[in-house]
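Sequences are here, hints too, so could you generate the full structure?
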Amino acid sequence: MINSVEAQKCIRETLVGFPPRVISAYHTFAEGGDAANLDIVVLGVLHFYLAKKPAEPLDALPGTTRLVEDLGCDSLTMMDTIFMVETLFKVRIDDAELIQLTTLDELRLHLRRLVKESGPAAA
Amino acid sequence: MAVPRIIVSGLGFITSIGNDRTAVTDSLRHLRSGIERHDFFPGHKLPVKVLGTLKGFDTAALQWAGWKWPAGYQFQPEALRGMAPHGLYALCAVEQAVADARLQPADLTSSETGLFCASAGSPRLTRHYLNQIHDSNGERIPPMGVVSTIAGTLNFNLAAHLGVRGAVAGFVSACASSTLALGYAHDEIRLGRLSRVLVVGGEDLNADAIYPFQGMRALSRNPDPAKASRPFDRQRDGFVGTGGAVALVLEEAGSALARGAPIYAEMLGWGQSADGQSISGSDPTGRGLALAMQRAMQASGVGPADIDYVNAHATSTPAGDASEAHALRAVFSDTGAQPCVSSTKALTGHGLSLSGVMETGFCALSLAEGLIPGAANLENPDPACAGLNLPRETLAASPRTILKNSSGFGGSNVCVVLRRWNN
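Line by line, the protein sequences give chains A and B. Under the numbering used here, the residue at position 68 of the first sequence is numbered 68, and the numbers go up by one with no gaps. In short: position in the second sequence from 1, add 1000, done, that's the numbering used here.
Honestly, I wouldn't trust all of these hints.
Label-pair restraints from in silico Cβ distances [unchecked claim]:
{"#": "1", "chain 1": "A", "residue 1": "Lys52", "chain 2": "B", "residue 2": "Leu1062", "range": "22 to 30 Å"}
{"#": "2", "chain 1": "B", "residue 1": "His1134", "chain 2": "A", "residue 2": "Ala36", "range": "32 to 40 Å"}
{"#": "3", "chain 1": "B", "residue 1": "His1030", "chain 2": "A", "residue 2": "Asp70", "range": "51 to 59 Å"}
Calculated lysine-lysine pairs in the DSSO-like style (CA-CA distance at most 27 Å, straight line) [unchecked claim]:
{"#": "4", "chain 1": "B", "residue 1": "Lys1045", "chain 2": "B", "residue 2": "Lys1227"}
{"#": "5", "chain 1": "B", "residue 1": "Lys1045", "chain 2": "B", "residue 2": "Lys1055"}
{"#": "6", "chain 1": "A", "residue 1": "Lys90", "chain 2": "A", "residue 2": "Lys116"}
{"#": "7", "chain 1": "A", "residue 1": "Lys9", "chain 2": "B", "residue 2": "Lys1045"}
{"#": "8", "chain 1": "A", "residue 1": "Lys116", "chain 2": "A", "residue 2": "Lys9"}
{"#": "9", "chain 1": "A", "residue 1": "Lys9", "chain 2": "A", "residue 2": "Lys90"}
{"#": "10", "chain 1": "B", "residue 1": "Lys1068", "chain 2": "A", "residue 2": "Lys53"}
{"#": "11", "chain 1": "B", "residue 1": "Lys1068", "chain 2": "A", "residue 2": "Lys52"}
{"#": "12", "chain 1": "B", "residue 1": "Lys1068", "chain 2": "B", "residue 2": "Lys1055"}
Worth flagging that the hints you see were computed from the coordinates, not collected in a lab. Just so you know, these numbers come straight off a predicted model, no measurement behind them. We put the CB at the ideal spot given by N, CA and C, even for glycine.
Okay, here's the thing in structure tokens:
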């Protein structure tokens, strides 16, 4: 449970350096479980690791924006993002699933589904 | 075609005795030590209580996002995310050196610019990541677990960050590594393959990087920061660890002059040899190091009588310093030459693979600023040093030619010769 004291301490350490908006969205999601805050966290993590930041926030870009071709997301950036999201939401993304995630929408929707399936342990 | 003259045009320091060129010069001039009492594990039983500490940094956090560094540096997450602590130090040192040499971003991304690095990697992060893997039964493998930890981490990260296209390489010869990097950088420029090489050395400076040396009883047990590191002294009992990073721009003189860059020193040449004896110890006779010194001088067109100052490798270990003293006597005393000799590790501690480029940087400052660093903490010279000229205080002299020695595990000996720039 990410609401336990120990888990919260771990999450605080994990999120050191992340923008306040992402941290706030994470805690709000932990309390309420709404998808909008989950999206903010997922895209915030991706944005944090992108080598070249896009001119606009990721949540202002079309959902069809491609992770590799449009955002320059290399394999390490992708793995950093996935590793962090897995840590934060206690979910696992299989390699076979990972290669199917090519756009912002696919990333968002996949995480929504995984977190929902994981149930209380994730939220 | 004329043989290019190769010079040092930029310097950057993150060291125990200063975080920039001015502070380092001041410390060398006044023999100001960077060694302090330090307990990595308060209450521990290990008899090692001193360290050449870095000031203004906090890299205790396992994640880069928790690190702190001095004001004036601004780094984006993408520059730091694949780095160990010494990567952060190296970024700071590189920024200084690049600005010092008046290099523009286009100079760095030119196919004429190379990057040669030396570091031992990051034992602490290696432990952390491997623990994560084991604790999760192999299910959680941190993406940066390789590129931030292995011995090439500096070259991987800095090459990507700077956009280096000319050449990128790492050197792994323990405490001779960054001197070796300087040597091969010199060759690349002399052969006309590159116009300049950014040479960078770095070390983490934490318990995982330093304490393993206690396993071979190589660390000083002396708790007094003023006496623990005392190269060539009878009472020396081991080295004091340090870390940080130093960056040095080595380049063909013409390109530096065209930019109006400062010229700290000319690198005349270098030489190397191997002891062929021990995994870690020096040849007690010093034969290997003597050969490297002779080769460096021969390649540089100078002889023992031309050398005004030797910046010794001497780390303050009983066996290593004696071996170097024998080598120095064979090369200099036995030929009637009497250069000043000191080891600046008395002030800094031993920076392992960082030490060669750090001390070459000190030598460049000595030539440019007109000083010869004294042999700090030396009270009673080892009898093996008989006949060597070991000034106790820094001399306000103007050395013309300096020899820098380095030795590393496996019997690696590397020496470089620097000369005061004279156009």
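**Prompt:** Where does the structure disagree with the numbered hints, that is, which hint numbers, in rising order?
**Reply:** 7
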